[in-house]
Amino acid sequence: MRENSYVVEMKNIYKSFGGIQALIDVNLELKYGEILGLVGDNAAGKSTLMKILTGVYQADRGRIFFEGREVHIVSPRISRQLGIEMVYQDFKLCPNLDIPANLFLGREITSNFFKTLKNRQMESMAVEILSRLKIGIKNFKIKTSRLSGGQQQSVAIAKAASFNPKVVVMDEPTASLAVVEIRKVLDLILYLKEQGLSIILITHRLDDIFEVSDRIFVLKHGRRVTIKETSQTNKDEIIKLMF
Amino acid sequence: MKKYDRQITLSERKKDFVKVGFFESFLVHPEVSITIPVVLLFIFFSIASPSFLTAYNIFNLTRNVGLYGFVAIAQALVIVGGGMNLSIGAIGGLAVVATGYFIQVQGFSPVVAVIIALSVGLAAGALNGMIITKIGVNSFVATLATLFIFTGIIYGITKGYPYTKIPGSFTIVGRDGMWGLPYIFWLMIGTLCFIFYVFNFRRFGRWLLAIGGNKEAARVSGINVDRIILLSHVLSGLFAAVAGVLWVSRMGSAQPAIGQEWLIISFAAAIIGGTSLSGGSISAWGLLMGSIIIVLIRNGLILIGTDIYFEQTYLGLIVLLAVTVDRIRALYYKRE
Ligand SMILES: Nc1ncnc2c1ncn2[C@@H]1O[C@H](COP(=O)(O)OP(=O)(O)O)[C@@H](O)[C@H]1O
Ligand SMILES: [Mg+2]
Numbered sequence: 001m002r003e004n005s006y007v008v009e010m011k012n013i014y015k016s017f018g019g020i021q022a023l024i025d026v027n028l029e030l031k032y033g034e035i036l037g038l039v040g041d042n043a044a045g046k047s048t049l050m051k052i053l054t055g056v057y058q059a060d061r062g063r064i065f066f067e068g069r070e071v072h073i074v075s076p077r078i079s080r081q082l083g084i085e086m087v088y089q090d091f092k093l094c095p096n097l098d099i100p101a102n103l104f105l106g107r108e109i110t111s112n113f114f115k116t117l118k119n120r121q122m123e124s125m126a127v128e129i130l131s132r133l134k135i136g137i138k139n140f141k142i143k144t145s146r147l148s149g150g151q152q153q154s155v156a157i158a159k160a161a162s163f164n165p166k167v168v169v170m171d172e173p174t175a176s177l178a179v180v181e182i183r184k185v186l187d188l189i190l191y192l193k194e195q196g197l198s199i200i201l202i203t204h205r206l207d208d209i210f211e212v213s214d215r216i217f218v219l220k221h222g223r224r225v226t227i228k229e230t231s232q233t234n235k236d237e238i239i240k241l242m243f
Numbered sequence: 001m002k003k004y005d006r007q008i009t010l011s012e013r014k015k016d017f018v019k020v021g022f023f024e025s026f027l028v029h030p031e032v033s034i035t036i037p038v039v040l041l042f043i044f045f046s047i048a049s050p051s052f053l054t055a056y057n058i059f060n061l062t063r064n065v066g067l068y069g070f071v072a073i074a075q076a077l078v079i080v081g082g083g084m085n086l087s088i089g090a091i092g093g094l095a096v097v098a099t100g101y102f103i104q105v106q107g108f109s110p111v112v113a114v115i116i117a118l119s120v121g122l123a124a125g126a127l128n129g130m131i132i133t134k135i136g137v138n139s140f141v142a143t144l145a146t147l148f149i150f151t152g153i154i155y156g157i158t159k160g161y162p163y164t165k166i167p168g169s170f171t172i173v174g175r176d177g178m179w180g181l182p183y184i185f186w187l188m189i190g191t192l193c194f195i196f197y198v199f200n201f202r203r204f205g206r207w208l209l210a211i212g213g214n215k216e217a218a219r220v221s222g223i224n225v226d227r228i229i230l231l232s233h234v235l236s237g238l239f240a241a242v243a244g245v246l247w248v249s250r251m252g253s254a255q256p257a258i259g260q261e262w263l264i265i266s267f268a269a270a271i272i273g274g275t276s277l278s279g280g281s282i283s284a285w286g287l288l289m290g291s292i293i294i295v296l297i298r299n300g301l302i303l304i305g306t307d308i309y310f311e312q313t314y315l316g317l318i319v320l321l322a323v324t325v326d327r328i329r330a331l332y333y334k335r336e
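Residue numbers (the working numbering), protein chains in the order written: chain A, 1 to 243; chain B, 1 to 336.
Only chain B is shown next, with the shape it has when bound in the complex (with noise of 0.2 Å):
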């Protein structure tokens, strides 16, 4: 009787994959939104510029889209759990500056430093986490906080002055690659593959996003929702650190600026890249895509010859365009 009921359903399994239509599918499956306008912005930018697609810039842009998505990846990881991290931008700067201090000031070696700096963004994120699940302050609150307390460490400790005295050898990762593309690059699309065997194939990952979807389910599923919220926000604290130290090895210098953009950038990439406000969602993919457009847009721009200046008001249109779309995905997810 058993084996009957196995055999019916397996073979009706075929018939259980989602059928939506062309234009449906853009809705449900961000990857195919997302992977377009990539595609268009590509090759608008390829004819509108000649300098575009030239091995030098494709290493710079591929560089940035490194850099700039270990940011989406921070902001994601916490977005995803129905939070937000205001503070990564600090967090990469606290990086930046231990990186810088340990080895010009201490006189480590970069190695040494990069574990501290490293440590120093973990026990940033821990700290947010803390904030929001033990004294129970909403993430937007607790990492404004956060954001002003590191910020003015940073600034304590620098006088807002950059180290410079970084070894030569230290800016290998962040100016050299291989396969004809930055290290760099190579470095975000292996810790991409991590963020899909997290999201796929790791209970933390099932959690993190069903806490995001429900939270109250999953804490009645017997689901720790506070370890793991506090979790997601040392993974974000890590990532944003790696993005201020691999921000140092490609500059060759630790400026106490680095991170100041970043959080506009976070929140464009990681929502264009399908990543839910509301939490719930997060794909590797869109992430790609989400900061190719961005530093896509921010390289053209450049290279078409617009002004600069308003740079900051594309990006900001930029995310507009991303939570309206969004927006639309939740509502037509509702009238189903």
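Same shape as in the complex, but just chain A (with noise of 0.2 Å):
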């Protein structure tokens, strides 16, 4: 049994920008293998807080447990060693560069001895990966900046989720998707759930987060309000602790 049943804890974390308090005494808890549904009105600190949790940003105070231990997240790259990753709401994809080169950005296969590149074997890796994920994308040596939106936040999920992390964070993943596409991306969030990752979903869209989510967090002007169990609440109740 693990002594402790959180993937990750943040405690009392608090942040400001300048004169704006985006998050005060925060404490978030997630699941082993949960779906956590985090949400809030616009500029409750939904991003804000993850971003603490990528290390893309640093708190003013508080503390962060990762599987039972003590973290300090200093930059993104401790967070991806740690084994969490994140899909940037805004997707964060080099345009310039085709998939292969941006689902291995930051970790490319190099030969031992020259550390030259070892394109070819990424791009076998790459088109396993997608077919794995049953993201359906022809032309994988293209452009990113050619694929439509969907395909590119596949393709920012994939990045996410195809290295073994233990944590995927998602702002708003779906937030410029048409219809059928938020439907793919919710699939492959669930798929990920099944191999036994652990899930922050960011969304505005309640339906998407009440259909995948095990738990709900909600956030309003920087403070933790509650966090529910997905079945014992529903969305009326979500809405009037949000406003």
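No lab work stands behind these hints, which were simulated from the structure alone.
Any given hint might turn out to be false.
Said to hold, decoys possible - Coverage of chain A stretches by chain B, computed from C-beta distances (three or more under 8 Å per stretch; other residues unrestricted):
1) 85-96
2) 109-120
Said to hold, decoys possible - With beta-carbon atoms standing in for the labels, derived distance ranges:
3) B:E216 to A:R120: 23 to 31 Å
4) B:I153 to A:G68: 56 to 64 Å
5) A:K115 to B:I153: 32 to 40 Å
6) A:R61 to B:G316: 53 to 61 Å
7) A:D60 to B:T35: 51 to 59 Å
Just so you know, these numbers come straight off a predicted model, no measurement behind them.
Glycine included, every Cβ here is placed at the ideal spot set by N, Cα and C.
Given two chains presented individually in distinct reference frames, assemble the corresponding complex, making use of the accompanying hints.
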């Protein structure tokens, strides 16, 4: 048995930007293998809280525990090393690079001796990753700027999910997608949960949250309002808590 | 099951090559669109002037292509990461002065003087990179400032006078050649092969491209953006210094004014060669073609008897043309 049932614990996280208090002593716990929906009004602090977890921002105060150990996530590299990946609101892909280059960005496979990039190997692994996640893209060698929004988001998710992460954070992954594409992304999220990943999903689409999440965390004006089992609550209640 | 997946995907791979039409390919592959004007210009000047296709003129042309090629490489290396280097000419000038000073005044052997000159280029590039990444100024402002700092040092040391006591042996690289073409040209070709390798097969190149494409994405992917930017400026300084040293070798003297005309040429050659001004793209072949175009136009204009005093105007117009094409290319990609 695990001594601690939480994969991530954020304790008393405080963060301000100049005069704006973005987060005020927020506590967040993420269970192993769950999908946690993170909801709140615009500017509630959702993205900031997650960017602190992934090392994009540093909290002014507060502690983070990962698998029971305290960690200091001072850069995105550290969070990646721990096994925390994030899919950003505006897909954080390099538009000028192709899919394999984006998937492997920052962790390219190189030969042992000369450290030469093994492009062929990364390409065939990229093809495998895409087919495993059932992402149907034919021209994986074209620049990602030429992919549709949904395809780009799928690649961004594949990038976050395909290197054995423990936790994947998704910030509004469906915000700029068409309905058909949203369906695919939700299926992808459920598939990742099946694979045993712990997921934090930020979205303003409550339907999506109620469909896929196990628990719902409500943030308001930088403060934690509540955390509820999805089965124990309903949309109206969550909306009331959010505003 | 896994094996099955793999078979499907591998057979699919053949279909996955980008299929574009003839005219589209000009925009998608800058290498294609850039080679055609080179060929046309070559044919045009061959017909227009009988002295164009002489061994002497070709040797001279390719030597200039080599020199400006290094200048273009120095600029392209920072443009690709989304920046620019306004001080490349001044860094080249510093290397020129260092070469002349340590040979003539200090009496060092040319090899030592060259090593010092190249180190000066590395250091100057490192200074640019430090200002940009540590102080957080953008590359335009940072290198504008160092342009003046370095230029002041050049004239402070030389008082504007050249170093002329350069041993004849020093000019071998700059004046001789093999297989009918100058050493300088072959050196540049070798360097372009290195550039090709770096941007296709090294992490550094891949990461610099990523930074030029989307700096934030590169950062959240765990790339140490500052370190890569710094390194790109160090390399830019190095290649600017190489150009400076080669210039001394070609001229047989160290003129402090060398480098003053590099700025516009470096942008022109790099942008024409498919180095997008907004960053994120570079092409070794394009840099070669861009350098050839610049040299052909400068040389050709003289050969067909145009007024050389208008040269800067022509170069400006070429740059304008190049950025317009760059812009069209960007819009084309957006439309997709
Ligand atoms: N980099 C930043 N600089 C200044 N203020 C910021 C920054 N990031 C977020 N904020 C502010 O922090 C608050 C929370 O923002 P954010 O976390 O993006 O909210 P949400 O994702 O819930 O919409 C907002 O008031 C926002 O303006
Ligand atoms: Mg947000």
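Against the structure, the hints come out as follows:
1. With a threshold of 8 Å between beta carbons, the proposed coverage of the segment 85-96 of chain A by chain B holds, since 7 of its residues qualify and at least three are required.
2. Coverage of the segment 109-120 of chain A by chain B holds in this model, with 5 residues showing a Cβ closer than 8 Å to a Cβ of that chain against a need of three.
3. Here the CB-CB span from B:E216 to A:R120 is close to 29 Å, well matched to the stated 23 to 31 Å.
4. Between B:I153 and A:G68 the Cβ separation comes to about 58 Å, which falls inside the hinted range of 56 to 64 Å.
5. The supplied range of 32 to 40 Å is met by A:K115 and B:I153, whose beta-carbon atoms lie about 37 Å from each other.
6. Remark: the range hint 53 to 61 Å for A:R61 to B:G316 is upheld by a beta-carbon distance near 55 Å.
7. Evaluation of the 51 to 59 Å hint for A:D60 and B:T35 yields a pass: the beta carbon distance comes to about 56 Å.
Of the numbered hints listed earlier, not one is contradicted by the structure.
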